[in-house]
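Use the sequences and the hints to build the structure in full.
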Amino acid sequence: MQENDVPQDEALFDGKKEVCYAVDESGRYVLAESAGWEPANIANLQAWEVIHADITAVLARVRAGEVSPLAYHMARHQMDAKLLAGYAGLFAWQVRRHMNPGPFGKLKPARLECYATILKTTVEELCRIPSD
Amino acid sequence: MNQVFPHRQTAHCESGVIANLATYHGFPISEAMAFGIGGGLFFGYLPFIRINGLPLTTFRTTPGSIFNRVTKRLGIGVERRTFQHEERAMAELDRQLAKGIPVGMQTGVYWLPYFPPALRFHFNAHNLVAYGKNGTDYLISDPVLGEPVVCAAADLARARFARGALAPKGKMYWVTSVPKELDLAPAIRKGIREVCRLMISVPFPLIGTRGIRYLANQVERWPAKLGDRRAILYLGNLIRMQEEIGTGGGGFRFIFAAFLQEAAEVLGDKRYLEMSHRMTAIGDLWRDFAVAGARHCKGRSGAGENFGDLAQILRRCAEQEHALFTELATLVRER
Numbered sequence: 001m002q003e004n005d006v007p008q009d010e011a012l013f014d015g016k017k018e019v020c021y022a023v024d025e026s027g028r029y030v031l032a033e034s035a036g037w038e039p040a041n042i043a044n045l046q047a048w049e050v051i052h053a054d055i056t057a058v059l060a061r062v063r064a065g066e067v068s069p070l071a072y073h074m075a076r077h078q079m080d081a082k083l084l085a086g087y088a089g090l091f092a093w094q095v096r097r098h099m100n101p102g103p104f105g106k107l108k109p110a111r112l113e114c115y116a117t118i119l120k121t122t123v124e125e126l127c128r129i130p131s132d
Numbered sequence: 133m134n135q136v137f138p139h140r141q142t143a144h145c146e147s148g149v150i151a152n153l154a155t156y157h158g159f160p161i162s163e164a165m166a167f168g169i170g171g172g173l174f175f176g177y178l179p180f181i182r183i184n185g186l187p188l189t190t191f192r193t194t195p196g197s198i199f200n201r202v203t204k205r206l207g208i209g210v211e212r213r214t215f216q217h218e219e220r221a222m223a224e225l226d227r228q229l230a231k232g233i234p235v236g237m238q239t240g241v242y243w244l245p246y247f248p249p250a251l252r253f254h255f256n257a258h259n260l261v262a263y264g265k266n267g268t269d270y271l272i273s274d275p276v277l278g279e280p281v282v283c284a285a286a287d288l289a290r291a292r293f294a295r296g297a298l299a300p301k302g303k304m305y306w307v308t309s310v311p312k313e314l315d316l317a318p319a320i321r322k323g324i325r326e327v328c329r330l331m332i333s334v335p336f337p338l339i340g341t342r343g344i345r346y347l348a349n350q351v352e353r354w355p356a357k358l359g360d361r362r363a364i365l366y367l368g369n370l371i372r373m374q375e376e377i378g379t380g381g382g383g384f385r386f387i388f389a390a391f392l393q394e395a396a397e398v399l400g401d402k403r404y405l406e407m408s409h410r411m412t413a414i415g416d417l418w419r420d421f422a423v424a425g426a427r428h429c430k431g432r433s434g435a436g437e438n439f440g441d442l443a444q445i446l447r448r449c450a451e452q453e454h455a456l457f458t459e460l461a462t463l464v465r466e467r
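Taken in order, these protein sequences are the chains called A and B. First residue of the first sequence: 1, per our numbering; consecutive thereafter. First residue of the second sequence: 133, per our numbering; consecutive thereafter.
One thing to keep in mind: the hints can contain errors.
Unchecked claim - Restraint-style ranges between C-beta atoms, simulated for each label pair:
no.	chain 1	residue 1	chain 2	residue 2	range
1	B	333	A	24	30 to 36 angstroms
2	B	333	A	82	33 to 39 angstroms
3	B	224	A	128	35 to 41 angstroms
Stated by the list, open to error - Taking lysine-lysine pairs in the DSS-like style, the calculated list, with each CA pair at most 25 angstroms apart, reads:
no.	chain 1	residue 1	chain 2	residue 2
4	B	301	A	82
5	B	231	B	265
6	A	120	B	301
7	B	430	A	17
8	A	82	B	303
9	A	120	B	303
These aren't lab readings, by the way, just hints derived from the structure by calculation. For every residue, glycine included, the Cβ atom is placed at its ideal position computed from N, Cα and C.
Shown next as C-alpha cells:
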C-alpha cells in the first residue's frame with residue numbers, strides 16, 4: 001500500500017484515527033493515519049446489523065411474553081447464556097432458565113441485583129418490559 | 133507516582149505494548165520489529181472454533197505468544213501474574229505503579245469506556261499499559277489510540293476480569309530486568325524461522341499456506357452450503373478479521389513487510405528488502421480480496437463475479453506466500 005493510497009473513509013470510530021502501514025515514495029515503510037476503510041466499514045456495519053436484528057427479534061419475543069426481559073438485556077450486551085453465566089458465577093442452564101418469564105418472576109432480589117450490576121442497569125429496568 | 137510514558141499509537145495492541153514498554157526501559161524498538169521477532173505472522177482457519185456462531189479465521193499467532201517470544205529472544209526479564217479476585221489484582225497493580233513501574237495488562241475491550249462504541253465486541257485479548265494513577269483513575273496508554281487516556285478503577289477492573297473465550301483473569305506483566313544491550317540479529321532470525329515454519333511446514337491442513345488454500349475451497353462452497361445470507365455473513369466476518377483495527381492492514385502482512393525492511397538494515401542484507409517488497413504486494417492482494425468481498429456484502433458485485441473469483445484471489449495469496457516463505461526460509465538459514 002502506498003502512503004497516498006491510505007484510505008480515509010470515515011468510519012464509526014467517533015472521529016478517532018487508526019494507524020496502518022504504508023510505503024512512502026522512497027519505498028520506506030511509514031505509519032500512516034487512516035480514518036477507516038470502506039470494505040472494513042462495510043464488514044463492521046454488517047456485524048452491527050446482525051446484533052441489532054437480534055435485539056429487535058428478542059424484543060418482540062419479550063413483548064409476546066415468550067422470554068423474560070433478561071433476554072433483551074443480554075442481547076443488548078451481545079451476551080449469550082454461557083457468557084452471562086461466566087460473569088454471574090452460575091451454570092449456563094440456570095441463566096437459560098431465567099430467560100423464561102416464569103422462573104424469572106420468581107428470582108430473589110439478590111439475584112436480580114447481581115444481574116442488574118453485570119448488565120449495567122437497575123433492578124426496575126431489568127424487570128420491566130422495555131418500551132422502546 | 134505519575135510519570136511520563138512514551139506512548140506511541142500502533143496498529144496492533146500486543147506488539148505495540150511490547151514496543152512501548154521496551155522503549156520505556158531504554159530500548160527503542162518499533163512495533164514492526166517486536167511483531168517480527170515475536171513471529172507474529174500466521175494464518176489459521178479454524179471452523180470448529182466459533183465466534184458468535186461464525187468460524188474463526190486468524191492472521192496472527194495466539195494472544196500472548198508474541199510477548200512471550202520477544203521477551204525471551206531479547207533476554208528481557210518479565211514477571212507475570214494472573215488472579216482469582218478483582219481486589220487482589222487491583223491491589224497488585226497499585227503496588228507496582230507505586231514503585232513507578234508501568235504495567236502491561238490483558239483486558240477485554242467490551243467494558244472499556246474510552247473505546248469507540250463501534251468496536252465494542254466481547255474480545256478479550258486486548259493489551260494496554262497502565263503507567264500511573266490520578267486519584268482513583270488510572271493513566272492508560274492504549275496502543276491503538278492516538279493519545280493516553282484515563283480510565284476509572286471500576287471500569288478497568290471489569291475489563292481485566294472480562295469473561296468468555298480467552299478470559300484475561302486479571303493478567304498483568306511488567307519488566308523486571310533488561311539486558312546490557314539488545315542483540316537484534318539472532319532474535320530476528322529466530323522470528324523469521326518460526327514464521328516460515330508455521331506458514332509452510334506444519335503438517336496440518338488448516339494452518340499456514342495450506343490453510344489459505346483450504347479456506348479458498350470452503351469460500352467457493354459457502355453459497356451452496358449455507359445459502360446466500362449466511363455466506364455473506366461468513367464473508368463479512370472474514371473481512372473483519374483481516375482488516376479491522378489492530379491488523380495494520382492486509383491481515384498483518386504490511387506490518388511483517390515493515391519488519392523485513394528493518395531486518396534488512398540490521399542484518400545488512402539487501403535480499404530481505406526484496407522480500408519486504410514482495411510481502412507488500414501480497415498484502416495488497418489480500419486488500420483486493422477485501423474489496424471484492426465487501427462488494428458482495430453490499431450486493432454490488434458485478435456480473436459474473438461470484439465466490440469462485442474470491443477463492444481465486446485467496447489461492448493467489450496462498451501461492452505467493454508459499455513461494456515467499458520457502459525462499460525466506462532458505463535465506464534465513466544462510467550465515
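Tell me if the beta carbons of residue 224 of chain B and residue 128 of chain A are separated by a distance inside 35 to 41 angstroms. Once the Cβ atoms are compared, 40 angstroms apart, the range 35 to 41 angstroms for residue 128 of chain A and residue 224 of chain B holds.
Taking 30 to 36 angstroms as the hint, is the beta-carbon distance of residue 333 of chain B and residue 24 of chain A inside that range? Roughly 34 angstroms apart at Cβ, these two residues keep to the hinted range, so it holds.
Distance restraint evaluation - residue 333 of chain B, residue 82 of chain A, Cβ atoms, bounds 33 to 39 angstroms: For residue 82 of chain A against residue 333 of chain B, whose Cβ atoms are near 36 angstroms apart, the range 33 to 39 angstroms holds.
Checking one constraint from the list: CA of residue 430 of chain B to CA of residue 17 of chain A, max 25 angstroms. Satisfied? holds (24 angstroms)
Assess, step by step, whether the Cα of residue 120 of chain A is no farther than 25 angstroms from the Cα of residue 301 of chain B, and give holds or violated. holds (20 angstroms)
Would you mind confirming whether the straight-line C-alpha gap from residue 301 of chain B to residue 82 of chain A stays at or under 25 angstroms? holds (17 angstroms)
Could you grab the alpha-carbon distance between residue 231 of chain B and residue 265 of chain B and see if it respects the 25 angstroms cut-off? holds (12 angstroms)
Is the hinted pair residue 120 of chain A and residue 303 of chain B satisfied, with a Cα-Cα distance of at most 25 angstroms? holds (24 angstroms)
Given pair status - residue 303 of chain B, residue 82 of chain A, alpha carbons within 25 angstroms: holds (22 angstroms)
Checked against the numbered hints given earlier, the structure satisfies every one of them.
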